[in-house]
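Peer 1: Required output: the full structure, derived from the provided sequences and hints.
Heads up: the sequence lines are chains S and B, in that order. Its first residue numbered 6, the first sequence is counted upward by one per residue in our numbering. Its first residue numbered 6, the second sequence is counted upward by one per residue in our numbering.
Source of the hints: derived by calculation from the structure; they are not laboratory data. We treat Cβ as the ideally placed atom computed from N, Cα and C, and that holds for glycine. Among the hints, erroneous ones may be present.
[As the list claims (entries may be wrong)] Pairs of lysine-lysine residues, derived as BS3-like cross-links and limited to a Cα-Cα distance of at most 25 Å, are as follows:
{"no.": "1", "chain 1": "S", "residue 1": "K54", "chain 2": "B", "residue 2": "K159"}
{"no.": "2", "chain 1": "S", "residue 1": "K95", "chain 2": "S", "residue 2": "K142"}
{"no.": "3", "chain 1": "S", "residue 1": "K95", "chain 2": "S", "residue 2": "K133"}
{"no.": "4", "chain 1": "B", "residue 1": "K361", "chain 2": "S", "residue 2": "K361"}
{"no.": "5", "chain 1": "S", "residue 1": "K345", "chain 2": "B", "residue 2": "K54"}
{"no.": "6", "chain 1": "B", "residue 1": "K159", "chain 2": "B", "residue 2": "K345"}
{"no.": "7", "chain 1": "B", "residue 1": "K345", "chain 2": "B", "residue 2": "K54"}
{"no.": "8", "chain 1": "S", "residue 1": "K54", "chain 2": "B", "residue 2": "K142"}
{"no.": "9", "chain 1": "B", "residue 1": "K95", "chain 2": "B", "residue 2": "K142"}
[Said to hold, decoys possible] Covered stretches of chain B (chain S as the covering partner; in silico rule of three or more C-beta atoms under 8 Å from a C-beta of chain S):
{"no.": "10", "segment": "138-145"}
{"no.": "11", "segment": "217-226"}
[As the list claims (entries may be wrong)] Far from chain B, by Cβ distances over 10 Å, these chain S residues were calculated:
{"no.": "12", "residue": "A68"}
{"no.": "13", "residue": "G160"}
{"no.": "14", "residue": "Q169"}
{"no.": "15", "residue": "N179"}
{"no.": "16", "residue": "R239"}
{"no.": "17", "residue": "C339"}
{"no.": "18", "residue": "H341"}
{"no.": "19", "residue": "L342"}
2 protein chains.
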Amino acid sequence: MTALPPGSVIGILGSGQLGRMLAIAAARLGLQTHTYSDTSGPAFDVSYKHTLGPYDDTQRISAWANEVDVVTYEFENVPLQAAAAAAALKPVRPGARALEAAQDRLAEKTFIDRLGIPLAPFAAVNSKADLEAAIEKIGTPGILKTRRFGYDGKGQARMARPDQAQWALDEIGNAPAILEGFVKFECEVSVIVARGLDGATQFYDIPLNTHVDGILATSTVPGPLPPNQVDRARDIARRIADELDYVGILTVELFYAGEDAGSPLVVNEIAPRVHNSGHWTIDACASCQFDNHIRAIAGWPIAPTTRHSDAEMTNLIGHAANDWPELARETSTCIHLYGKRDARPGRKMGHVTRLKPLTT
Amino acid sequence: MTALPPGSVIGILGSGQLGRMLAIAAARLGLQTHTYSDTSGPAFDVSYKHTLGPYDDTQRISAWANEVDVVTYEFENVPLQAAAAAAALKPVRPGARALEAAQDRLAEKTFIDRLGIPLAPFAAVNSKADLEAAIEKIGTPGILKTRRFGYDGKGQARMARPDQAQWALDEIGNAPAILEGFVKFECEVSVIVARGLDGATQFYDIPLNTHVDGILATSTVPGPLPPNQVDRARDIARRIADELDYVGILTVELFYAGEDAGSPLVVNEIAPRVHNSGHWTIDACASCQFDNHIRAIAGWPIAPTTRHSDAEMTNLIGHAANDWPELARETSTCIHLYGKRDARPGRKMGHVTRLKPLTT
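Peer 2: This is the structure:
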């Protein structure tokens with residue numbers, strides 16, 4: 006296992022806030038960042054170099070890959086051909102298998118199901134007949150979700166009754182989809198695991214996540230899971246990461262249904278990347294998720310994921326970022342703004358992490 | 006007092022590692038950085054924009070100042086004309102008075118002396134006759150120091166005996182100088198104070214600093230000062246900052262001679278900027294010195310300077326940075342590398358901060 010020395014260039018596909026925070030982490034370790042994106046974004050401000058180009062332009066991707074030492078990505082919808090073009094020249098970490106598993110909900114759920122890990126019931130939907138059969142099998146309420154390109158609650162239609170089938174199909178534009186049955190749960194949590202090139206793993210503490218309008222609102226540590234469920238949740242994440250021969254930060258979102266449920270922990274979805282629910286690690290851990298993602302893909306050892314403070318991360322969505330003067334007056338509040346110009350509704354403009362002395 | 010909103014541009018004179026860490030802190034707060042430097046340096050990698058130009062090119066400085074919202078600097082040897090050219094267009098923080106006081110050892114010591122703050126005995130030296138008179142007054146051992154452009158022990162000659170006068174003058178190139186008498190002390194410490202545009206101050210914990218070959222080697226918190234001396238040291242720094250109507254991070258290096266000394270605390274020198282002895286604040290505080298410098302010059306409130314962990318910062322000088330693979334395997338060690346190519350002897354290549362649970 007060869008570690009990339011300081012001065013090496015990390016290639017990042019994508020230029021959003023995750024890329025920005027990855028670029029900062031890379032700089033801290035003496036590594037340079039060359040981002041590739043189809044639009045100018047927050048990561049460009051702190052990157053050594055950037056290339057503007059379409060994600061499906063494999064020639065451009067190849068030219069870019071030639072200039073970097075390792076390739077990673079900040080979003081899971083990288084075209085597989087682009088990843089393959091890059092992989093022909095330089096290591097892509099996490100690898101193509103993680104992308105394949107994560108960018109198609111049907112592939113993702115099939116993969117996790119095969120590992121024997123509990124999931125909400127699901128069925129493929131390519132037509133109205135499929136949907137009617139799926140409702141027959143799974144029942145309502147349920148959620149119709151596009152197989153691809155869904156995030157922050159987009160590309161989803163919640164069905165309360167079977168007679169909403171046509172409405173739901175229209176709502177998601179009749180795209181290839183899955184029907185997912187509702188799972189009764191107490192709360193949502195996420196496991197953020199760092200897996201090194203040598204296969205060693207380290208887990209961050211598991212936060213409680215709350216959502217508003219389908220978008221993550223807060224992540225809080227310590228979270229709600231009792232120790233035995235923490236072990237179980239980590240085991241789920243480890244099995245997924247091992248199966249994918251994963252390198253970097255992997256996030257597994259879980260529903261927690263309580264100790265007495267048949268399946269206390271049910272996988273919601275996985276993200277083959279650093280994750281919004283891990284932003285608190287920047288301020289509450291010596292080594293944050295961005296640091297460990299860069300370390301992993303550069304072949305460095307994973308740093309300990311221990312937490313020195315309790316923390317609550319709150320997203321600043323849309324106009325909430327305009328409250329920066331008040332937030333700047335709060336004590337023990339770490340402000341992170343992503344440098345985006347337009348505070349459109351639903352847009353992640355920044356986040357704050359409120360720190361408290363360590364309790365557990 | 007108007008605070009600069011996110012999206013504003015921070016102009017930084019200088020492109021070294023201090024500028025690099027300032028640029029990262031600015032990015033976190035949603036502010037952009039435009040650096041100005043006469044050489045390409047570590048700060049350029051993480052800056053939104055940079056201008057290469059001589060520091061004494063006031064026309065170029067003016068053009069640059071027109072593109073930024075506030076001007077700061079990462080080194081104290083900014084030509085005063087350059088600072089004045091910038092100040093004619095945009096606020097320069099800290100201001101020209103701090104630069105004047107800090108870039109000439111004679112002006113610095115005269116200023117501090119007038120405040121009634123203890124200093125090592127000193128005298129101006131412009132000729133051999135001056136030096137002989139100074140030796141007569143102060144005695145030996147002593148250190149002959151150039152008035153300007155000294156750092157990391159450069160531009161200094163240590164004199165053990167009066168007959169070394171000519172050697173010492175030759176050693177510093179017969180530049181305008183001061184002779185400084187030796188002060189007996191137990192250890193060196195530094196006060197790092199953040200002062201806002203509103204005059205409010207916050208102090209970081211005072212580290213113990215050790216040096217090797219005139220270059221800072223380690224800074225450790227908690228430091229050695231008993232509480233009453235901490236109060237006294239902070240008072241010294243506050244008076245200096247207030248007198249300069251200072252905005253940003255100010256560093257005051259002090260010799261500590263022990264509780265029973267006539268002057269337990271003696272000022273060694275001041276630096277009108279973020280300082281190497283404050284690098285541990287990145288990893289051991291929710292808001293580090295770089296964060297608070299940016300907040301101050303942007304007119305934001307100063308964030309609390311409380312520490313969540315004990316810390317020891319160790320500089321990586323020259324080839325010490327080649328130990329990164331071993332350092333990366335250490336637990337609780339935060340690695341910071343500055344992206345410099347050549348590990349020349351005496352060159353600051355990076356630093357590590359080793360964290361421990363909070364004791365005091």
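Peer 1: Identify every previously stated hint that the structure contradicts and give their numbers, smallest first.
Peer 2: 1, 2, 3, 8, 9, 10, 11, 17, 18, 19
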